[in-house]
Amino acid sequence: MPEPGPIVGTSPIRKEGLAKVTGRAQYVDDITLPGMWYGATVRSTIARGCITSIAYDPAIDWSQFTIVTAADIPGENTIIHLTKDHPCLASENINHPAEPILLLAHPDKNVLHAAVEAVHVTYEDFPGVFTIEDSETGAAGDTSKVVWDHRGHGGSPNTFKTFLMQKGDDPLADSALQAAFQSADFIVEGEYRTGAQEHLYIENNGVIAEAFRAPNGSLDSITVSGSMQCPYYLVHALELVFNLPAEKCRVIQTETGGAFGGKEDFPSVIGSHAALLAMKSGHPVKICYDRAEDLIATTKRHPSRTRHRTAVSRDGKLLAGEIEVAIDGGAYATLSAVVLSRATIHAPGPYHWPHLTVRAKAMATNIAPHGAFRGFGAPQSLFALERHMDKIAKAVGLTPEELRRRNFLATGDHTATGQHLTDPVDMQGLLTRALHESNYHAKRAEFDRTNLTSTIKRGIGFAAFMHGSGFTGSGERRLNSLVKIKITPEGRPCILVSSTEFGQGTNTILSQVCAQTLRIPYDEVLVAQPDTAIVPNSGPTVASRTAMIVGKLVERASESVLATLGLPPHSAPLLSSRSAAEGSASPLDEPSNYTADQFRTTADQFRTTAVAYLAAHGSLTAEARYEAPNNIFWDDDQYKGDAYPTYAWAVYVAEVTVDTLTYIAEVKNFHALQDVGKVIHPILAKGQIEGGVAQGIGYALYEKCVYVDGLMRNNQMTNYIMPTSADLPPIHVHFEETPSIHGPQGAKGIGELPMDGPAPAILNAIEHATGIAFTEIPLLPEDIFERMSCTPVGSNEVGGTEDFKPAIDHDTRVEANA
Amino acid sequence: MTTVHFKINGEEKSVAAPPMKRLLDVLREDLHLTGAKEGCGEGECGSCSILMNGELVNSCLVPILQAEGTHIMTIEGVAHLVEKNEKLHPIQQSFLEKGGAQCGICTPGMILATHYLLDKYPQPTLLQIQEGLAGNLCRCTGYMRIFDAVQQAGRQNLTTGVAE
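Those protein sequences? They're chains R and X, same order as listed.
If you read the first sequence in the working numbering, its first letter stands for residue 781, the second for the next number, and so on.
If you read the second sequence in the working numbering, its first letter stands for residue 271, the second for the next number, and so on.
Extracted from the complex, chain R is given alone in its bound form (with noise of 0.2 Å):
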């Protein structure tokens, strides 16, 4: 039944929750083809080397396989995603542990396993490089340490790409920040860090293959259904890989379960695979990971090191900023540069910085290839920002709440990349509420003095930082996306778009902004499955992009829908022709104050209108593109402009407790404050919210990938931890609500915004709990047991800010002092 009044901002049922919840909905594992066979992948055994043999077991028929390795490659042999170093199979060097080799395919997937392991390569086994450091000094000029060295690259070896953003247009900006720090009050450094972290999706990668041949036999097109965010990006790396044109290259998304960045570019890795088998078998092949063979062989968030110079005043004004980000990419550049970007960008965080520089780079390794996971960058470099924020607290004898306040961005304020923040920016507001909802003061002061006499110390902290929604710079101008929707014969709008559903709502919310753009019931709008030979390219479903961008495009092309019916627009009365008469809308007409019967009227209405119109015309499909505001402006090579059309801001705080006989450090409350512009559909937007905390308090406390020799050794939920239903505490979400013109009806973007804010709060709420500035994250308690219990009582000197007195609130006895 259609529900009655708006439609955005209330939240109707999800598109495809009744097959979720019934067992009904069909991952790419529960599809099974026709005369369907089943692929596994060889791979390497050791970091860096050559392969000098394969071998196979004579004890295996291996005639009853096929066996694909580099040689079958009809194209390239290589998977692109923004360079073309990633080899699709290796065929001579290996760069990395478990890297694909040789591929194999049989009808039963039972004796796969006793295959792989009866294919024997040896190998001319090479020194690997496993850390920053290490990649640093192959750069430096140490060329038993050089990894990568990509020809026609250009720039240093081991080096995937560097970025250098200057506050200014000043030809002596350099001089200008020199000159700062020599007169400031004080300078306070810091280095930070923080580990890779797994996507764990409880759904592995997967994808099935088909290949098509022409009737002279030669290979005519190749389809690939599976789990992913970015259909098209698959479309490009088949391209390549079988050189096909791209309308040969078909890629369908299946139900998607869980994603989080991790289907954004590895689909094309194991899409290529399972195409290759196809083609050489005849069959259709699935191959599905296991999650040893995911954790093992798929990406994980960028491990980082960042360092932060800072120059402030007595009053506590930041004079200026030197920050060093640096990026572990593992073994081939993939996605590392714009990571990397969004890295740089959100370096400085939500203040105002009078002269700045960040030099940004990301490094080759020997461990598989990092890539996407939401945040995208910017949970590396916000969390040493709000670390390091802390920090010049204690240095300049300011509460982390006013060293905030005398620095935050406010409208009409420019970022380090010089754009001007036209939509409106209330930092100061944020903050205000998100400790007003937390009882931040009175708990702060609570639990000073409940420490002095307790064994387990509490503690809460905060972290002030926003998200830009969408691509960064002149990304969305080169995604140039399109949406379509087209009329189906009932008179029922189905949404055209490659934007997939992986259960952050993208099927909802855009049927929201469709339905009430045409002033129908949510239940009239259909969406299309993403299928490559029906759906536009609307780009990829990554960068918090889908509601502000896409549903923009959505938005456009619903009113397209109505102009080539010929009924009003939004803002024009449809139901009134009174009013219409008159030519003046009464609130009646706004959509979001009608009733159901009024929807219904509408609903009637349009579906009359719409299949009358396909009898005269045949057919109605309309379209949006994007375009660029003119007001936006980016430019690539100096670094400068406007990074993202608009931010989404945030304010959040964590309560902890840290435990000084076990030395557990849990959170225990939690508050997310944020600004994401109209909230579409408030229960899928509190869900996004509480689900990126989560992953937060796990990305700070528990989720610790360990690698030996380059290869992770924890590849099993068993000793990968992540946060149980048993470990979360209370996730309070609050919304503010400033619209935003680039978005529909006013929505920003929300998924990777929540990814951000945790692990610092978290951190600080331990340092208020213990007194130890701890700088790294994942923090186990064997982490803080070390500290605690092995590191002698530290001095409390200006830019130092250990000190193992608990419960000691320096910030509150200086300011008492003041």
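None of these hints come from the bench; they were simulated from the model.
Be aware that one or more of the hints could be misleading.
As the list claims (entries may be wrong) - Once the Cα atoms are required to be at most 30 Å apart in a straight line, the calculated BS3-like pairs of lysine-lysine come out as:
#1 R:Lys889 / X:Lys291
#2 X:Lys390 / R:Lys889
#3 R:Lys1458 / R:Lys1266
#4 X:Lys277 / R:Lys889
#5 R:Lys889 / R:Lys1060
#6 R:Lys1097 / R:Lys1223
#7 R:Lys1448 / R:Lys1223
#8 X:Lys357 / X:Lys390
#9 R:Lys864 / R:Lys1028
#10 R:Lys1448 / X:Lys357
Once you have looked at the hints, place chain X on chain R.
Below, chain X alone, put in the same frame as chain R:
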């Protein structure tokens, strides 16, 4: 091969399978009941959860031999047909309304874990819910919407008696 007899979602079944074949694989491959998912294959994630004689078990850890003579309920048996129309179980309805399902891959297992929990505690406390669902991992929701859904289903128990 061993022939194993059991009742699944109310129907008698016989399956010939190697005795150590996982119940999960028998469900998915032999019976084409693909609602139970494999997330880890080692009993950590709970996405293969089913009810066996009313007990919540990870079907990836159960050899089919052990299913002899049991009553099994999978997600496919949770909803009922009422005059040819599907009627969702109140738990399913609550998961829909409260946003308890996002990507959906953990949802079948989560719903069966909830079913088991509400059988034990018709109106569970938050702590009982947190502990009762701790064997079922969800990477999307942060669990808060799931707690809401379980509580709503529990409230329905209060008004309509114990869940069907």
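Here's how the hints hold up against the structure:
At roughly 14 Å between alpha-carbon atoms, Lys889 (chain R) and Lys291 (chain X) fall within 30 Å of each other, so this suggested pair holds. Distance hint between Lys390 (chain X) and Lys889 (chain R) is unfulfilled; the C-alpha atoms sit about 39 Å from each other, more than 30 Å. Proposed proximity of Lys1458 (chain R) and Lys1266 (chain R) is supported: the alpha carbons are some 26 Å apart, at most 30 Å. A distance of roughly 28 Å separates the Cα atoms of Lys277 (chain X) and Lys889 (chain R); the hinted pair therefore holds under the 30 Å criterion.
A distance of roughly 17 Å separates the Cα atoms of Lys889 (chain R) and Lys1060 (chain R); the hinted pair therefore holds under the 30 Å criterion. Distance restraint check for Lys1097 (chain R) and Lys1223 (chain R): the Cα-Cα separation of roughly 27 Å lies within the 30 Å cut-off, and the hinted pair is therefore satisfied. Of the supplied pair hints, the one linking Lys1448 (chain R) and Lys1223 (chain R) holds, its CA atoms being roughly 12 Å apart against a limit of 30 Å. At most 30 Å may separate the alpha-carbon atoms for a hinted pair to count; Lys357 (chain X) and Lys390 (chain X) meet this at roughly 23 Å.
Of the supplied pair hints, the one linking Lys864 (chain R) and Lys1028 (chain R) holds, its CA atoms being roughly 21 Å apart against a limit of 30 Å. Annotation: proposed proximity of Lys1448 (chain R) to Lys357 (chain X) is violated, straight-line Cα distance about 39 Å (limit 30 Å).
Checked against the numbered hints above, the structure breaks hints 2 and 10 and satisfies the rest.
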